[in-house]
Each structure stands twice: as structure tokens, then as C-alpha cells.
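Student: Go ahead and model the full structure; you've got the sequences and the hints to work with.
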Amino acid sequence: MRTDLGWRRFYAAGWLATAGVATVTFLLWRAHVREVEQRADEAERTRDEVARRRAVEERLHIARELHDSLTHSISVINVQVGVAAHLARKRGEEPAAALLAIQEASTDAARELRSTLDTLRRDDDGGGAGLDRLPALVDRARSSGLPITVSVEGTPRPLPPDVDQTVYRVVQESLTNVGRHAGAATATVCLRYDAGRLKVQVDDDGSAPRTPPVPGHGLIGMRERVAALGGHLRAGPGPTTGFSVVAELPTKPPTGGSSAASRGEPPLEGPDEPPLEGRP
Numbered sequence: 001m002r003t004d005l006g007w008r009r010f011y012a013a014g015w016l017a018t019a020g021v022a023t024v025t026f027l028l029w030r031a032h033v034r035e036v037e038q039r040a041d042e043a044e045r046t047r048d049e050v051a052r053r054r055a056v057e058e059r060l061h062i063a064r065e066l067h068d069s070l071t072h073s074i075s076v077i078n079v080q081v082g083v084a085a086h087l088a089r090k091r092g093e094e095p096a097a098a099l100l101a102i103q104e105a106s107t108d109a110a111r112e113l114r115s116t117l118d119t120l121r122r123d124d125d126g127g128g129a130g131l132d133r134l135p136a137l138v139d140r141a142r143s144s145g146l147p148i149t150v151s152v153e154g155t156p157r158p159l160p161p162d163v164d165q166t167v168y169r170v171v172q173e174s175l176t177n178v179g180r181h182a183g184a185a186t187a188t189v190c191l192r193y194d195a196g197r198l199k200v201q202v203d204d205d206g207s208a209p210r211t212p213p214v215p216g217h218g219l220i221g222m223r224e225r226v227a228a229l230g231g232h233l234r235a236g237p238g239p240t241t242g243f244s245v246v247a248e249l250p251t252k253p254p255t256g257g258s259s260a261a262s263r264g265e266p267p268l269e270g271p272d273e274p275p276l277e278g279r280p
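Residue 153 in the working numbering is what sits at position 153 of the sequence shown, and the numbering runs on without skipping anything.
What the hints contain is simulated information worked out from the structure, not anything from laboratory work.
Treat the hints with caution; some may be incorrect.
[To be verified] Cβ-Cβ distance ranges computed for the label pairs, FRET-style:
hint: 1; residue 1: Glu93; residue 2: Ala55; range: 45 to 55 Å
hint: 2; residue 1: Ala88; residue 2: Ser144; range: 12 to 22 Å
hint: 3; residue 1: Pro147; residue 2: Glu93; range: 20 to 30 Å
hint: 4; residue 1: Ala88; residue 2: Arg53; range: 46 to 56 Å
hint: 5; residue 1: Gly196; residue 2: Arg45; range: 26 to 36 Å
hint: 6; residue 1: Lys90; residue 2: Ser144; range: 46 to 56 Å
hint: 7; residue 1: Leu100; residue 2: Thr46; range: 39 to 49 Å
hint: 8; residue 1: Gly20; residue 2: Ala55; range: 46 to 56 Å
hint: 9; residue 1: Ala88; residue 2: Arg157; range: 39 to 49 Å
hint: 10; residue 1: Asp139; residue 2: Thr241; range: 47 to 57 Å
Just so it is clear, CB atoms sit at the ideal spot from N, CA and C, and this is done for glycine as well.
Tutor: Next comes the structure, spelled out in C-alpha cells:
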């Protein structure tokens, strides 16, 4: 009887010791896992900080290059045009409309360049142009002799800053291309607000060739801007005449960083859509 009781006590003590060892082992394993996770997080933060520092250095380098190469030239253009307009008025003549358009464009270019430099010198991507400046952009294009019709479909709503700026840049580059390459043409700008998406379309009826030339830096830049936000862009000759640029952008940030740019995938151009084609 005593022997059975002794064995039971021995087994109980063994199970208790085993449970204690298992508990200690589990706690040590959990502590090791937490330490590994902390080291991984620290390594990731270090990599992010290094990448961020390199990006800031590159942005500062670009800002310096832009300042040195463009600011002086634009300032000289603005001053010379202002002097020419002043001399015309001094002679009792009204300055030519083209001269005034150049003066206004150079002033606006200098302002945008300063805004771009400020953005490059900051750590964030805030600031810049948006759709609030679209009327001024359209008025300036009209003053240079380009008839433009603007229409809005759906209910306008506030956009994320990066989407707002990208839409403005798409319209700006498209109208610039119309003025440079379309000849005597009229242009239409349409903004369509859908649920969760914004579509911007710029068409012209100019003399664009039916065989698209190699895309230039302007349209490539537009495609990269749009793709970085998870949208897609189509650009090429219109159905019958002219040229058409269509960009569709999500108006809500993607969840889980699932944009094409974050995954390192090519721009979002559907299988039925033609590749980016455009003017030089």
C-alpha cells in the first residue's frame, strides 16, 4: 500500500517537474521569438532610414540642379519680356498678346519651379499644384490661342493630395502637347467623378499622325505618376482625328500597399488597352 502511494507521489512529482520544465521552456521560446522579432523590426527600420536618407539626398541634388539650370533662365526670360512690354507701352503701343502670354507663362513657370523646389527640399510630398489651379491653367492656354472646353461629370469631391496633383499634371501636360503638336486645334477636358475613381480625359481635333510616334518624356512621366497611384493611362490618336489622353485614378488610397508601383509590377494597362503612345 505504501509502495503504491509512493509511486503515485513519484509520478505526481514527475508530472509536476515536467510541467514546470515545459512552462519554462515555452517562456524561454517566447522570449527568444520576441527578441528575433525586435531584431527584425530594428533591421527593417534601419534599412528604411538608410533608404529615406538616400532619397532625401537625391532630392536635394535634383533641387540644386533644377535651381542652377532653370531658375536663372526663366528669370532672364521674364525680365526681358517685361522690358519689351514696358517699352511697347512707353511708345504708346499695346504689347502683343503673345508677348503678354509669354510673360504670364514665365511668371507661372517660376512660381511652379519654386513650389517644386520647396517640395523636393521637404521630407514629405505635400504642396504643389492641384485642380484648384485648373481654371488659371485653362485661361492661360486660351490666351495663347487654344480654344478649350471644360466639363465635369458627377459630384466633385475633395481628392487625396497626390491624386489632386497628378490630375492637374496630366491636364497640364496634355494641353501643353496640344499647343506644341496639334496645330490649329480645339481641346476638351472632361473630369468624371465615379464611386472611388476619377477619370480625366483630354481630347483635341488637331492634325496628329495616325501612326503614333515614339512616346516622349512628358507622356512617360504622366504614365509613371498615374501608375504609382494604382491607376492607368491611355494615350494615342483619337478615333478619327486628333489625340486623346485618358487617365483613371482611384480616389481612395489602396489597402495593404497593393498598388502596381509598390509591388514592382508594370503600369496598370489592361490586356485590351493599347500601350502608351504619344507625341515627343
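Student: It remains to establish, for every hint, whether it holds in the given structure.
Tutor: Hints, one by one, checked against the model:
For the pair Glu93 and Ala55, the beta carbons lie near 51 Å from each other, so the given range of 45 to 55 Å is met. The hinted window of 12 to 22 Å between Ala88 and Ser144 holds, with their beta carbons roughly 18 Å apart. One distance hint, 20 to 30 Å for the beta-carbon pair Pro147 and Glu93, holds here, with the actual separation near 27 Å. The hinted window of 46 to 56 Å between Ala88 and Arg53 holds, with their beta carbons roughly 52 Å apart.
The beta-carbon spacing between Gly196 and Arg45, approximately 33 Å, falls within the hinted interval of 26 to 36 Å. Under the hint 46 to 56 Å, the C-beta atoms of Lys90 and Ser144, about 25 Å apart, miss the expected range. Distance hint check for Leu100 and Thr46: the Cβ-Cβ separation is about 55 Å, which falls outside the suggested range of 39 to 49 Å. Look at Gly20 against Ala55: about 52 Å separates their beta carbons, and that is inside 46 to 56 Å.
The given range of 39 to 49 Å is respected by Ala88 and Arg157, whose C-beta atoms sit roughly 45 Å from each other. Hint check: Asp139 to Thr241, Cβ distance near 26 Å, so the stated range 47 to 57 Å is violated.
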